[in-house]
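Trainee: Letter by letter, the chains look like this.
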Amino acid sequence: MAHIHKLLSRPLRRLWRGLREWCGDAAYEQYLRSKSAKTPNLPTLKAAEFYLEQLNRKYSRPNRCC
Amino acid sequence: MKRFLSTAVWIALAILAAGALGAIALQRGERLNALWFVVAAVCCYLLAFRFYSAFIAAKLLSLDDTRATPAERRDDGRDFVPTNKWVLFGHHFAAIAGPGPLVGPTLAAQFGYLPGTIWLIVGAAFAGCVQDFVILFFSIRRDGKSLGQMAREEVSERGGFIAQLAILAIMTILLAVIGLVVVNALKSSPWATFTLATTIPIAMLLGLYLRFVRPGRVLEASLMGVALVMFAVVAGQWVADSPAWASAFTLSGIALAVVIMIYGFAASALPVWLLLAPRDYLCAFIKAGAIFSLAAGILLVRPQVLMPPVTRFVDGTGPVFAGKIFPFCFITIACGAISGFHSLIASGTTPKMILRESHSRLIGYGAMLLESFVGIMAMVAACAMTPGVYFAINSPPSIVGNTAEAAATTISNWGFILQPETMTNLAHSVGEITLWNRAGGAPSLAVGMAQIFSNTIGGPRLLSIWYHFAIMFEALFILTVLDAGTRVGRFMIQELGGRVWKAFGRTSWMPSVLISSALIVGLWGYFLYQGVIDPLGGVNLLWPLFGIGNQLLASVALVLATTILLKMGKLRWIWVTLVPMICLVSATMTASYQKIFSPIPRLGFLAGANAMAVQLASGNIPSEKIGETHRLIFNSRVDAGVTALFALMVAVLIVEAVIQWTAILSGRRKATLQETPYVATQWADTFSGAAHGDD
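Protein chains in written order, with my numbering: chain Z, 1 to 66; chain R, 67 to 761.
In short, the hints are calculated from the structure, not lab data.
Predicted model only: the values in this text are computed from it and were never measured.
C-beta: ideal position from N, C-alpha, C; glycine also.
Treat the hints loosely; a few may be bogus.
Said to hold, decoys possible - Partner residues are not named here, just some residues of chain R that face chain Z (Cβ under 10 Å, in silico):
#1 282
#2 343
#3 577
Said to hold, decoys possible - Using 27 Å as the maximum straight-line C-alpha spacing, the simulated DSSO-like pairs for lysine-lysine come out as follows:
#4 568/R to 636/R
#5 151/R to 58/Z
#6 568/R to 58/Z
#7 125/R to 568/R
Start from the sequences, fold in the hints, and give me the full structure.
Mentor: Structure, rendered in C-alpha cells:
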C-alpha cells in the first residue's frame with residue numbers, strides 16, 4: 001500500500017498542480033513567486049487586488065477563439 | 067537497436083495511416099466504421115508532428131533553447147508567467163478551441179464525409195499548424211507582440227493598420243454568425259433556452275463568490291458552477307413539461323436575437339469579474355469534459371458512418387449552403403483546418419508564458435492538431451446520423467418545402483430516404499417540439515453527440531438529457547466567445563476612436579464604454595438580425611462570409627510569416643508558408659468573387675438582390691412583404707460590399723508585402739528583422755517550470 005502511495009503521489013501532485021495552473025487557481029501564487037512581486041520598490045498586491053487586476057488585463061485582448 | 071525499433075514503429079504508423087486513409091477514400095457499398103477516421107487522423111497527426119514540425123523547427127525557425135524567452139526575461143507574474151509546457155498546451159488549446167471546428171465540419175458534411183475529412187487532416191498538417199507554430203515563434207522572438215504590431219513593424223505601417231481593421235471587421239461577422247448558431251439552437255426550445263438562461267445567474271453567483279468570498283479560488287468555484295449547470299440541464303426538462311413555464315421560455319428567432327444582443331452589451335459594459343470571467347471559467351471545464359467524453363464515446367460506440375463519401379451537392383446545389391466543393395468546402399471547414407483567429411492567440415497570451423523556444427513546437431503545432439481532431443469528431447458525429455435526418459435538420463423550408471411531408475419527399479428524392487414520422491419521433495425522443503429547419507450545425511451535432519453518448523451511458527431513455535447537455539455545451543461555448551469577443555471589439559473601437567478623440571480612448575470612461583459597447587453590439591447585431599430574417603436560414607448567408615473573413619485573416623498571418631522568413635534569409639524553405647498562403651488566397655478570393663458576382667441568386671449577393679428586385683418590380687411580392695423584401699435587397703448589397711472590403715484589405719496587404727519582398731530580393735532594401743536581442747537563458751537545461759511549483 002505504502003509502495004503504491006509512493007508511486008502515485010508524485011504524478012498525482014503534478015497533475016493537481018497542473019490543473020490548478022491551467023484553470024487559473026494558482027495565478028496568485030505564481031505572481032508571488034515572480035520577479036515583480038519580489039521587487040522592493042513595487043507594492044505587492046493582495047489576493048483580491050491581484051484577482052481583479054488580472055481579469056481586467058486578460059479580458060481586454062483576444063483570449064478566446066472561434 | 068533503439069534506432070531500428072523507432073524506425074520500424076514510424077514505418078508501421080505510416081502504413082497504418084495509408085491503410086486507414088485508403089479505407090475511408092475507397093470504401094464503397096459497405097458501411098464504414100468511424101474508428102477508421104480516428105485511426106487515419108491520429109496516425110497522420112503523429113507523423114506530421116514527428117517529421118514535418120521537426121523539419122520546420124530545425125530548418126525554418128532554428129529554435130534555440132539557449133535563448134531566454136520573454137517569460138524568463140520579464141517574469142512579472144501577470145502577463146509574463148513562465149509556465150510548464152503541458153499546462154501551457156492546455157491553456158493554448160482552451161483558447162483556440164471554439165465552436166468553429168464543431169460547426170464547420172458539420173455543415174461541410176453536406177458534401178459527404180470524404181472532402182471535409184481530407185481537408186481537416188491535410189489542411190491542419192500543412193497550413194493551420196504551420197501558421198500557429200510560426201506566428202507563435204515570431205511573437206516569442208518579439209517579446210510577445212501582437213499580429214497587428216508585427217505586421218506594422220515587419221511589413222509596413224499601412225499593413226499593420228489594415229490588419230487591425232481586418233481583425234475588427236472579421237470579428238463582427240464572427241460574432242454575428244455564432245449568435246445565429248445559438249438562435250437556431252434555442253429557437254422554440256424551452257428546455258435549451260431555460261438551461262442556457264440559467265447559466266447567467268450561475269456565472270454571476272460564481273463571480274460574487276470569487277470576488278468577495280474566496281478571491282481567485284477558481285477551481286472550487288468552477289466545480290460548484292459545473293454541478294449547478296448540470297442540475298440546470300436536468301431541470302430544463304421540468305420546465306419543458308410545464309405548459310406555463312414552457313411558454314415563458316419559448317422564444318422566436320427575433321426575440322432570441324434581441325436577448326443575445328442585450329446579453330452581449332451587458333457582458334461588455336459590466337465589470338468583467340461579475341459575468342464574463344466566471345462564465346469563462348465554467349466553460350473551460352465543460353468544454354474539456356465534453357470534448358474528452360465525445361472522444362471516449364466514439365471509441366466505445368464505434369458508430370457506423372451512414373453519410374456517403376461524396377454527395378451530389380459537390381455541384382454547388384447543396385441545401386445547407388450554396389457553392390461548389392471548391393472553394394466552399396475550404397471556406398466552410400475553416401477553423402478545423404486553418405483559422406486566422408489562432409494567430410491572434412499565438413501572438414497574444416501564449417508567447418508571454420512559454421518557458422523555452424522548443425516548447426512552441428508542441429504548443430503551436432500540437433494544439434492545432436488537437437483542434438483538427440475535434441473537427442474530425444464533429445464530422446463523425448454528423449455523418450453517423452441518417453443522412454435524411456441530417457438534411458432535414460439543416461435545410462431551410464424555402465428549399466425543401468414548408469410541410470413535413472413535402473420536406474420528406476424532397477429529401478427522399480435526393481436519394482436520402484426519410485419518413486416524416488422519423489423526424490417527429492426523433493424530436494420527441496430528444497425532448498424538442500421540432501427538429502425541422504434548425505440550420506446552424508448545433509442541433510444536428512447535438513443529435514449526433516446525443517446518439518453516441520446515449521449508446522455509451524443510459525440508452526434511449528437518456529437521449530433527451532444528452533441532447534440538451536450537448537446543446538448547452540455548444541451554446542455555452544459560443545456565448546463565451548460572443549461576450550469575450552464583444553468586449554475585445556469594444557476595446558478596439560475605443561482604441562480607434564481614441565486616435566480621433568483622446569477621451570474616447572480611455573477604457574474606463576463610462577460614456578465611452580457605453581457608446582463603444584453599443585457600437586460593437588450594433589454592428590454584429592445588424593448582421594445577426596439579417597441572418598435571423600433571411601428566408602434561406604441565415605447560415606447560407608453568414609457562415610461563408612465568416613469563413614472568408616477567417617481564412618483571409620489566416621492569409622494575413624501567412625503573408626507576415628513569409629515576409630519574416632524572407633528577412634531571415636530562409637528563401638530555400640519559403641514554400642512552407644508561401645504555398646499554403648497561395649492556396650488560401652486562391653480559395654478565399656475565388657469564394658469572395660463568387661459570393662459577390664455569381665449569377666446564381668442563392669450564391670451571389672448581387673444576383674440575389676437583383677432577383678428580389680425583379681420580383682418586386684413585377685408585383686409578385688405580397689404587399690405585407692414589400693418592406694421586408696426592400697430590407698433583404700439592401701442587406702444583400704451590404705454583404706456584397708463587406709465581402710469586397712475583406713478581399714480589398716487583404717489584396718492591399720499582399721501588394722505591400724510583395725513590394726517589400728521584391729525590394730529585399732533585388733537588394734534594393736536591407737532585410738532588417740525587428741527581433742529582441744539575444745539574451746542567454748539563466749535556467750538550467752532541466753528546468754521545466756517545476757521551480758515555480760511545489761516540488
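Trainee: It remains to establish, for every hint, whether it holds in the given structure.
Mentor: Right, here's what the structure says about each hint:
| no. | hint | result |
| --- | --- | --- |
| 1 | 282 | holds, 4 Å |
| 2 | 343 | holds, 5 Å |
| 3 | 577 | violated, 18 Å |
| 4 | 568/R to 636/R | violated, 42 Å |
| 5 | 151/R to 58/Z | holds, 20 Å |
| 6 | 568/R to 58/Z | holds, 23 Å |
| 7 | 125/R to 568/R | violated, 46 Å |
Of the hints listed earlier, those the structure fails to meet are numbers 3, 4, 7, in rising order.
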